[in-house]
Each structure stands twice: as C-alpha cells, then as structure tokens.
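Please model the complete structure; the sequences and the hints are all you need to start from.
Residue numbers (full-length UniProt numbering), protein chains in the order written: chain A, 1 to 159; chain B, 1 to 394.
Read the hints as simulated data drawn from the structure, not as lab findings.
Among these hints, one or two may not hold up.
In silico contact screen, one side only, chain A against chain B (beta carbon under 8 Å); selected entries [stated by the list, open to error]:
{"hint": "1", "residue": "Ser6"}
{"hint": "2", "residue": "Lys10"}
{"hint": "3", "residue": "Val14"}
{"hint": "4", "residue": "Ala111"}
{"hint": "5", "residue": "Lys118"}
So the derived label-pair ranges between C-beta atoms look like this [stated by the list, open to error]:
{"hint": "6", "chain 1": "B", "residue 1": "Tyr116", "chain 2": "A", "residue 2": "Gln79", "range": "38 to 46 Å"}
{"hint": "7", "chain 1": "A", "residue 1": "Glu13", "chain 2": "B", "residue 2": "Met46", "range": "39 to 47 Å"}
{"hint": "8", "chain 1": "B", "residue 1": "Leu366", "chain 2": "A", "residue 2": "Asp113", "range": "32 to 40 Å"}
{"hint": "9", "chain 1": "A", "residue 1": "Lys128", "chain 2": "B", "residue 2": "Leu366", "range": "46 to 54 Å"}
{"hint": "10", "chain 1": "A", "residue 1": "Phe76", "chain 2": "B", "residue 2": "Ser87", "range": "47 to 55 Å"}
{"hint": "11", "chain 1": "A", "residue 1": "Lys46", "chain 2": "B", "residue 2": "Lys22", "range": "18 to 26 Å"}
Glycine residues also receive a C-beta, built at the ideal position from the N, C-alpha and C atoms.
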Amino acid sequence: MVKLKSNDDKEFEVEEAAVIQSEMIKNMIEDGCATSVIPLPNIDSKTLIKVIEYLNKHINMGKAAETGEEDDLKEFDEQFVNMGWEELFDVIMAANYLNIHELMELCCQSAADRLKNKSVRAVREMLKITNDLTEEEEQEIINDAPWAFEGPEIDDTVN
Amino acid sequence: MQISDSTSKGKKKQHVNICIPKEVVAEILQRVPGQDLLETLKKVCMQWCSIIYSGRFAYSHIERGILKSSFSQLEAVIISMTDDRSSFIVSALEWHSFPTRELGEHERYWKAKYIYMVNNVFLHRISYMMRVNSVYGFVCFWSDDACLHVCNPITKEYLTTPPYSYTNTYMAPVHHQLVAVGFGFCHLSYEYKLVVLHEDAVEYGETKPFVLTCRAGCLWRSLKAIPDTKFISRGQTGAHVKGVLYWYLESCTPKDWPQTIKRLVCFDLTTEEFDMIMVPAEIDGGVQGLQYVYVAAHSAAADLSSINSWKKEFTVTVPNMAYNININHLFVLVVTDDMLVIQLSDGKTFGFINVATGMLLTGLRLNLSTIVIPYVPSLVSFAHIPPLLGANLV
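Shown next as structure tokens:
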C-alpha cells in the first residue's frame, strides 16, 4: 500500500499495483523515496479521489482484454469523463503532474471532442476565457496573417 | 483553475486568468481536427492562436495523425481544372469510419467538400494534370504548362512554380518529355524542394534534372545530368522517404544495350545528388515498385541492392474488385496501416482497399480534368520547422 496526501492534508491509501500507473510515483517507489506518505501539493482531495477511482479501475489493463472486460472498461471511461470543464481540467492537470499516460489521453481526447464544431464564442463561454484579442488583431487572424507568431524566418544563407 | 470574473466589455487586452499551462492546452488542441483549429479555435485568444500557428504544434499534429493512421486521419484532395482550363479548384474528399450497422452502400460515407479555387494560374489552357505526391500535408501536382503546384488544403497556402521548360510543341508535348517528378523535404535546410527529370526534345537523349526550392520568387536550378543513361519511363511519380526521393525507372545505359533495365533512382534532397540502385531480381514485381519502397523505408540506410533489406509486406489481392482489371497495371499510391489506395492504369479509376480484409472499400471514377491525391491534413506552412527531425514522420 502507498499513502498519498492531497494539498488539503487528506491521506489516501492506494494499492501499489494501481498507483504505479503513474510514472512519477513509479519512479519514486523505484528510487526508494516512497517509504512514508507521498505529498501531492498540486492536487486537491476531490480530484485525487477521481484519479484514484480511475487507477483502481484500470489495474491490470492487460487482464481486462483477456477476460472480455474491455467493454466494461470502455463504459467506465465514458462515464468517467462525463464531468464539467473545471473538474476535467483539474483531472488533466493531475494526470499531467503524476504522468499517467492513459488518463491524460482519455481526458484530453474528451476535451478535444468537446471543442469540435463549436463557435468561437461558445468555446470562450464554455472555458470562461476572456477575449484578449483586439478587434484589429482578430481581423488580422481572420485574414490569415500568415503564420505570424512563431514562424521561424528561413534565411538565405542555405541553398 | 482560476477564472477571471472581470466582464467589463471595454477592457480588452487583459490577462487571461486561466491557469492551464500552455503544454496542456497544446495537448488538448492536438487532438482536435485541423479544420476546427483553423476555422474557429485560433480566434479564441492570443495564447491559443500562438499555439496553433507554431511549427512545433503543426508538425506534432501530423505526427499524431500518422500514428493513429485511421481513415478519418487520412484524406484525399481532388484537384480539378475549371472549364476554361485556366484555374483549379481544390476540394477535400473525406471519408469517415464505417458505422458497423450499415455496410454496403459505400458512397454514402464519402463527402467531397469545396475548399478553395486558385484563379488564372496556368500559363496557357492546359489539357493535362498529373498527381505528384504529398509531404507533410502539402499536396503537389504537375500541369502540362511545365509548372508544378504545391498547396496545403487546410491552410490554403499555395505556390506555383515558373515553368522548367518552354519546349512544348505539338511534335514534342511537354508530358512526353517528362521522365519523373517528385516533391520532398530537406531536413538539413528545412526546405521543401521540387525535382523534375526532363528529357529535352531539342537535345534529344539527354535527361536534365531541375530542382526548385519552395519559396517565393525561387527559380529552377539546373543540376548535373545523370551520365550515359537514357530513361525510357515517362511521367513517373516518386516516393518521399526521410529526405530522399525514390523512383522506379526503366533506363538503358551503353552497357545494357539493347536491353532496358528497371532501376531504383534515388535523389538526396540535401546533397542534391542522384544515385542508381539495382533492385534484387527476386522482388522485381514490375509496377509494384512504389509499394516496396515504402516497405524498405523502415530499414533506413540499409543497402537496398541486397534482398535482405527488403521485406515483403503484403501481396495485393483484390477479391472484391468489381472491375475487370489487370493487376499488373496498378499504381500503388498510398499504403497506411489500414488502407491502400490504388490507381488503375487508365488513370481515372481509384480504389481504396482495406489492408486487413483485402476488401475494396470503394471505387472512384473521375474524368481526366480531375486528379486525386491522398494526404494527411496538416497545419504546416512552408516556413515551419519540424521539432524533432524525422522522428516518426513518414
């Protein structure tokens, strides 16, 4: 068993088999740094509960394929990402921090799917993003300011 | 995540208060199709705009597409000339993964979507266009005014070259002089280059190579001719693999005379030098040359003249093909993990075959003023540089 501590000082016990899906914690265990409680200063308890729920369900991913529990897992995943944007971002941030590849993939894909076929306004409202573009800038982007932002200049010395 | 609660309309240019790191936003945006990114999401805010326009993002977006390698990631464009033969129209041929319930009517899952039109681009009224190939989301085609055209259907960026030859007469039409043509990316100078092998009708027998770097105002440069070689093949398109173009061409040298031999002609886009490789006799499957090139790509830097560096990936059998065709006259256009695109020798019929089942997914018949080029949609522009050179990019 491994003990994880959220940033609001709550402790959670998780099976080692589940928790090593996090590359970060796996490395800590391998290096022998996980003898007592692992503090997770970036993750609150609400998000951590969600993450642990995912980790427990996804223990032994390989076995699921053999025993035909794949559909069950798929259904779980669908249910799992059925959450609000704020919660989803919290989980993505946690997955990013803990380096849980599968969870990151699942949540980012869900976020991406929600962004498909939406208007600019809808996206801003959904994510509560303030429009920081001036009207001129917006017009410029619409007119396809050709790759103005990071496009590296190719100089003429090659050739 | 913290949210800005300032809603005052007059205040623009204020700091966006969402504490999502840029990498995480990029991770999410990478999974959104290119059209959405370019049509709407780039306008959301400055941060998103700068992410979407960056070269690193554009290339990893294709990389993801290639890794996933599904039907919805691979698309095809239709280039068609207008009735007055002076302009061309680019439209996307989109296909979507099959819903399991209704199989049968293949056409139902196809959508041809108008993208844009390029006006008055041909030098004269052209009568013939030819597909070249596609690299990193750019598609390239040739027109019989001896010009090449490169366009990216997603970003709508396009480039038309000046003609590489003016000897286009009734006696010597320019497509009879075209030996081979290719489009590729040089990983050292980060430039896209076009290569033409042109057999000049005036100086009969000599095949001249020309190369052009895709940049505004660039002109064709003449390269050193390949010595003592007469090419028999005409109008061949090559495969681009990691900065090298490959064509499978029939040629004749004084040694071979009177026989002609098919060789793999390579062009290194960095050094701009040609090389000829004899393909082992065992795999000389005639027109399936392009398919084998694809296969050999996995063992880069291997000795292609040895049979050991070749792997027979699969044999094309077309059990469900409705057409009465001769399998020896197929041109393999694209092979992905799950799809093979072929063109029949009549030049206007295309077949899309599922690699796993060998089943013909759909056939497509086009008229001669239209060409189809399969490609992976991408946001890459000519100025972009890939983040990791050649990593996983085909």
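Hints, verified against the model:
Contact between Ser6 (chain A) and chain B, as hinted, is not supported at the beta carbon level, the nearest pair being about 16 Å apart and thus beyond 8 Å. Here the hint on Lys10 (chain A) is broken, as its CB sits about 20 Å from the closest CB of chain B, past 8 Å. For Val14 (chain A), the shortest C-beta to C-beta distance to chain B is roughly 24 Å, which exceeds 8 Å, and the interface hint is violated. Residue-level restraint check for Ala111 (chain A) holds (minimum Cβ-Cβ distance to chain B is 4 Å; threshold 8 Å).
At its closest, the beta carbon of Lys118 (chain A) sits 7 Å from a beta carbon of chain B; the interface hint therefore holds under the 8 Å criterion. With their beta carbons about 42 Å apart, Tyr116 (chain B) and Gln79 (chain A) fall inside the hinted range of 38 to 46 Å. Distance hint check: the CB atoms of Glu13 (chain A) and Met46 (chain B) are about 44 Å apart, consistent with the given range 39 to 47 Å. Checking the proposed 32 to 40 Å range against Leu366 (chain B) and Asp113 (chain A) shows it holds: the Cβ atoms sit about 33 Å from each other.
At roughly 48 Å, the beta carbons of Lys128 (chain A) and Leu366 (chain B) sit within the given window of 46 to 54 Å. Remark: the range hint 47 to 55 Å for Phe76 (chain A) to Ser87 (chain B) is upheld by a beta-carbon distance near 53 Å. Evaluation of the 18 to 26 Å hint for Lys46 (chain A) and Lys22 (chain B) yields a pass: the beta carbon distance comes to about 25 Å.
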